[in-house]
Amino acid sequence: MTADRFPTKTIFEKSRPGIRAAALPVADVSSPTSGELLPARYRRAQPARLPSVSEPEIVRHYTRMSKRNFDLDSGFYPLGSCTMKHPPKLRERVLSLDGHAALHPLQSPAQAQGALELMWKVERALAEITGLPHVCLQPAAGAQGELAGLLLTRAYHTARGDRRSVVLTPQTAHGTNPATITMAGYELVTIAVNADGDMDLDDLRAKLTGDVACLMLTNPSTLGLFERNIDTIRDLVHAAGATLYYDGANLNAIMGICRPGDMGFDIVHLNLHKSFGQPHGGGGPGAGPIAVSDRIAEYLPNPRIVRRDDDRRGTVYDLSDDAPASIGRLRGFHGPYAIAASAYAYIRLLGGAGLRDASETAVLNANYLLARLTTLGVTEYLPAAYDRTCMHEFVLSGVPMRRRLGISTLDLAKRLLDYGFHPPTIYFPLLVDEALLIEPTETETKETLDAFADAIAEILQEAAADPTIAQTAPHTTPVRRLDEVRAARELTVTQRW
Amino acid sequence: MISHPPLRDGRSKPHIVSPHLPAALSHSDAYQEAPVAVHAVTRFTAVTVHERQAMLDEIGVADVDELFADIPAHLRLGRELELPAAACEDDVLRELSGMADRNVSTAREVCFLGAGMYDHYVPAVVDAIVGRAEFLTPYTPYQPEVSQGTLQAMFEYQTAITELTGLPVANASVYDGASAVAAAAYLAKLANGRGRLVVSGGLHPHARQTLDTHAVGYGMEVIEVALEGTVTDAAKLRSAMSDEVSAVFIQQPNFLGAVEEVEAVAASAQACGALLVCSVDPMTLGVLEAPGHQGADVVVGEGQALGGRLSFGGPSLGFFAARRDLIRQMPGRIAGETVDVDGRRGWVTTLQTREQHIRRAKATSNICTAQSLNALAAIVYLSWLGRDGLVELGERLLAQTDYSRRVLATLDGVTAVDAAPVVREFTLRLPVDGLAAVQRVHERCAAAGVNPGYPLGIDYPELADCLLVAVTERRTRADIERLAVTLDRALEPERLPLTRPLAAA
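Protein sequences, first through last, are from chains S and F. Number 491 in the working numbering belongs to position 491 of the first sequence; there are no gaps in the numbering. Number 264 in the working numbering belongs to position 264 of the second sequence; there are no gaps in the numbering.
If we strip away everything but chain S, and leave its shape as in the complex, we get (with noise of 0.2 Å):
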């Protein structure tokens, strides 16, 4: 990253009239006048201020300007509950195959055959890593997936003529879930944690009653600890009548070694960009695909791929939208088609072990990287929440360090900004003060993990010194603390001309 000396200019404010970037093809048509195509009232009146800008401004604007970003490529990234893991670079040969890239999504069925063939066998791969039979790729993200399970959980007991109103979450869940929840048109009640990070058993009894849905769930959970009472909870929730949905935000955790399908979730959505490698793009696109049970199934969103033999074609896959109880659409067309071709790339090279591998590494990765903090006497300032094995990722409380050293959480993630780290998730989850959810992933080296416990133990010895340092940082980023309360009172949310 460099530090521009210069006023930052849009593309907006480096336009000027007569440049311009794009050539059309060459116009051999003759048509009547514009005018008499299209009459004045709907003509626009005003063209729109798009940039007037040359390719070579194009290309100087963007490129300085990514070099104001901190990126996975160049640096560790141990974002907590995002799965910052290496993109494998074969998406870019996959991405640019034309018979996918330029694959019209209403291209007929027959004519399709390849694209329909992977959506089935990535469909099948997510099945087996799942446990659970019934797979839909429509989802875009995590938060639409999860959409898509509480309006099947809807459609499933109403189908039983069962109407409930109550979707229940743990403390720790992500703020997706409770949004969601409203946004399904449920209430939500939340369950509490107990002291060693288990969902309150008692709590749980006491809230399930027969008003409610379903319970989402993450596990291994937000804490980054595996909920020891899986069996239990799932137990009362079935015995409830309600359905019980996984959040993969944390799938990272436990490929091969153990599956949601197997612990009794009716309910799953993955996220490809998060456990199969896929880059987060500044914040998408993702993928976040479905899978379900049987008892579920008749209300997947249509239109599903279906596989047949055919006598005369052989194998022969196509589209269907005839599921009668089908929850409908979620989105246009068939979903992020391309992340699902990149993410089949990602699980062939990898394989079952290979998967299971990448899981170990990342546990392995993570509850050591816990155990170089403690060695270093990080963990005396920065203790951990919960005494336990961790699994991907693991909860620090910065409440001691900001007691005894005067920096909160915030001050040492951006000081972390000038040791050329990004930072931990911070203050997430809500239930742990001055809370810091790191999450290494599998695909980073020893070396590195030993840099980062490194940089926290140096921030904490600079903090004994001189609170300042941390307290006013980041001081190398290309812009420094950034006045958040004066952009709500202004709201500038576009070019001001």
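Rather than coming from a laboratory, the hints here were simulated on the basis of the structure. On a predicted model such as this, the values are computed, not experimentally measured, just so you know. Where a beta carbon is used, it is the ideal one built from N, C-alpha and C, also for glycine. Be careful, since some hints might not be right.
[What the hints assert, rightly or not] Quick look at which bits of chain F chain S covers, simulated, 3 or more residues with Cβ under 8 Å: (1) 158 to 167; (2) 185 to 195; (3) 280 to 293.
[Stated by the list, open to error] Output of the computed footprint for chain S on chain F, the stretches with three or more beta carbons under 8 Å from beta carbons of chain S: (4) 50 to 63; (5) 221 to 230; (6) 332 to 346; (7) 373 to 385.
Please arrange chain F on chain S, whose structure you already have, making use of the hints.
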């Protein structure tokens, strides 16, 4: 079960040897152990045997298995996942290339298929920018000090969307065009608390279906207003309006390609205090008036054409713009301008109090990951096209669409359904009997290397003999004339039943 692809050359490939030795190179023992990496299945992990032992020692456990002790034994899978065996990059690419070859892409036929996604040219500069790791590999800009590239791109994208749509504020993207329509319904619910959505039959069928699916969760009722000819029936729309209507949804140009009377619909909506949500094709906005200038309160749309590939439908981009007073009900991320402690210009994600990670159950949407990279492609594309290029493209679409419609309407028995203004897509009536016949015609055209469009009978029974034909700047005069010849030939067998009795006589 997954079928395992046969191993070529009869080679046995139980394990793949890790192709790289990165971390190991910094250690003196690297070369001794690299050729016999114990974790031979690893591809993207790099822990040497010695490192593994050192790490386990540091943790204080004997082996990795101990780290999973919290998982009850009976829940352990206890076997390897039944997936095809790991393959090398070359073989995986070969497999995916093989699948690609079994698709007929727009690179292999002359494509007049649109219906929501279009075969526009994506300039190389888009690939060059979105392929940069600095944009591709970060996450959502939670740390603005090191995310200025992404945040400024969001801000510029938002500006371009407000310029296109004629509304003052826009968000940083939603999933796709159909999702944007559903998100707009949730905004309407939050804005006015009413329970009914009135939807034009000219809205994309996928958007209508998506809205139906979401409305169940929102607790809202959807009423559809049919088309009169090829445009929304104004009288039926007025009769559907009441003070229970939260929002009205139309599409510009509509699914049949016809230009709608946005101002008239806006007046009907406004008279009842309902919001007008207009879904718009951004590529037409060089020539068509922006819906935001015609009274639409929310303008959304499918953004694939803005520098995105078709990719069998995704990932694409939904854009979302609104009146300024609706910004606090908007879904998703919004970038806002500010300054840092030294007074330097910078950007942050603003109004986070709307968002799920802060507001949780009271958030304006559940969006976390959206379509950031697609939005970057869109702003790069729009910068490439530029102010004049967007207008020129619009004029080009008008001219080529008009030419196509005139040429095709000269074919025996083929007619344009009406003379309503169209910009880039139009409805053509074929002299055949029903959807099955249209599909046969379609197949014959496809066999001749031309995709003639979308059989409208799939969604509109009353248009069972109609085809929706789309044009982009990539379709030349020669392409259009080839479509005419191909379609004419493909119609020939359908005309036979009429001619046969004459021949017999």
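Verification of the supplied hints:
no.: 1; hint: 158 to 167; result: holds (count 6)
no.: 2; hint: 185 to 195; result: violated (count 1)
no.: 3; hint: 280 to 293; result: holds (count 7)
no.: 4; hint: 50 to 63; result: holds (count 9)
no.: 5; hint: 221 to 230; result: violated (count 0)
no.: 6; hint: 332 to 346; result: holds (count 13)
no.: 7; hint: 373 to 385; result: holds (count 9)
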